[in-house]
Amino acid sequence: MQGNRGPLPPLYVDCANGVGINILSTFAKQVADTLPITPVNTDTANPAALNSQCGADYVKTKQALPPSVQAAGYLAKPGVRACSFDGDADRIVYYYLQDGKTFKLLDGDKIAVMVAMFFVDLVTKTKLSGEKKPEVGVVQTAYANGSSTKYLRSVSLVQRVHLQRLG
Amino acid sequence: MLEQSWEAHATALSNCQNTDSLVSTFTTLAHHLRVDLNGQASIVFARDTRPSGDELVKALRKGLEAFGTSVKIQDVGITTTPALHHVVRATNDKSGYTGTPTVEGYVEKLAKAFKVAIVR
Chain A
1 MQGNRGPLPP LYVDCANGVG INILSTFAKQ VADTLPITPV NTDTANPAAL NSQCGADYVK
61 TKQALPPSVQ AAGYLAKPGV RACSFDGDAD RIVYYYLQDG KTFKLLDGDK IAVMVAMFFV
121 DLVTKTKLSG EKKPEVGVVQ TAYANGSSTK YLRSVSLVQR VHLQRLG
Chain B
168 MLEQSWEAHA TALSNCQNTD SLVSTFTTLA HHLRVDLNGQ ASIVFARDTR PSGDELVKAL
228 RKGLEAFGTS VKIQDVGITT TPALHHVVRA TNDKSGYTGT PTVEGYVEKL AKAFKVAIVR
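Protein sequences appear in the order of chains A and B. Quick note: the first sequence, position 76, residue 76 per the working numbering, numbers continuous. Quick note: the second sequence, position 107, residue 274 per the working numbering, numbers continuous.
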C-alpha cells in the first residue's frame, strides 16, 4: 500500500497541563511527516494548572472547547481536529467544529467505532478472503454506550464485539 | 487497575493503627494469598506530574527496600499510565514480542505502527 498524499491535517492535543506532553513531544517528532501535531496546555511546572480549564473531563462535562483552544481559533479551519488528554494521559476525547462553528464531541465509544471501521477498511483493502482474512474484533467495557455496541454488532465486517468487566 | 478484591486488602492495611498491627495484617494477608515472602519479586513503577508523587515514591521505595535484595525495583520516572503499562508488560514478556521495556520503546512502537497503518 503506497501513497503520496502528503501529511494529514493538523491535530491539536490538549495535554491538560499533565504528563501527556512527556510522551507526546517524542511521538510527535517521530510521526511529524505523517501527522502534524501541536501540543497545547503543556505547563507541567505549575501544579495548579493541572486539568484547570482544560483536559478531557473539562471538555466532556462542559461540552465545549477549552478556553485556550477556543481563543487560539485552531479549529476554525475545516478538517482540523483536536483532542484532550486527562491528567495522566490514559483517557482521551476528540472534538472538532462542524462548519467551523458547532462543537462536536467524539467520546470513547465513537472513537472505538471509528477505529474499528478504519481496521475494517484496511482488511477490505488487503483483498484477503476465506481463512486468510483477518477478523476484526472490538472490546468495550460495560460502561459503553448501548447504541455504539448495537452499531458495531450490526456491521457484518466486525466479527466480534466483547463486553469486558472492569477490575 | 487494582483488582476488585484488593480494595479490601488496601483498606485493611492503610487503617492499621501501629507497626505491630501493620506487620500482623500484612503477614496474615500474605499467608491468605499464598505469597512466598522469601520469593523474588519485580516491581515497576512510575508517577505522573502531581506534587504528591515525590512523597508517594519515597514511601513506596522504603516499603520495597524493607525486603532487601529479593525485590528488584525499576523506577520508570515521570510518565503516562499507558507507557507504564507497556513497560510492565514488556518486562514480563520474555519473548520480546511486546517490545523494549522502556518509555522510548513504547513511543517507537506506537509511532512505527501508526506510520504503517496510515500510509498516505
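The set of hints was computed from the structure by calculation and includes no laboratory data. There could be a bad hint or two in this list.
As the list claims (entries may be wrong) - Examples of chain A residues lying across from chain B (beta carbon under 10 Å, computed):
hint, residue
1, L8
2, P10
3, Q30
4, T34
5, L35
6, P36
7, T38
8, V40
9, A45
10, V69
11, V80
12, R81
13, C83
Unchecked claim - Listed below are the simulated DSS-like cross-link pairs for lysine-lysine, each with C-alpha atoms no more than 30 Å apart in a straight line:
hint, chain 1, residue 1, chain 2, residue 2
14, B, K239, A, K29
15, B, K225, A, K133
16, A, K62, A, K110
Predicted, not measured: the structure shown is a model, and the values here were computed from it. For glycine and all other residues, C-beta sits at the position ideal for the given N, C-alpha and C.
Kindly indicate which numbered hints from before are broken by the structure, ordering the numbers from low to high.
Hint check: 2, 6, 7, 8, 10, 11, 12, 13, 14, 15 fail, others pass.
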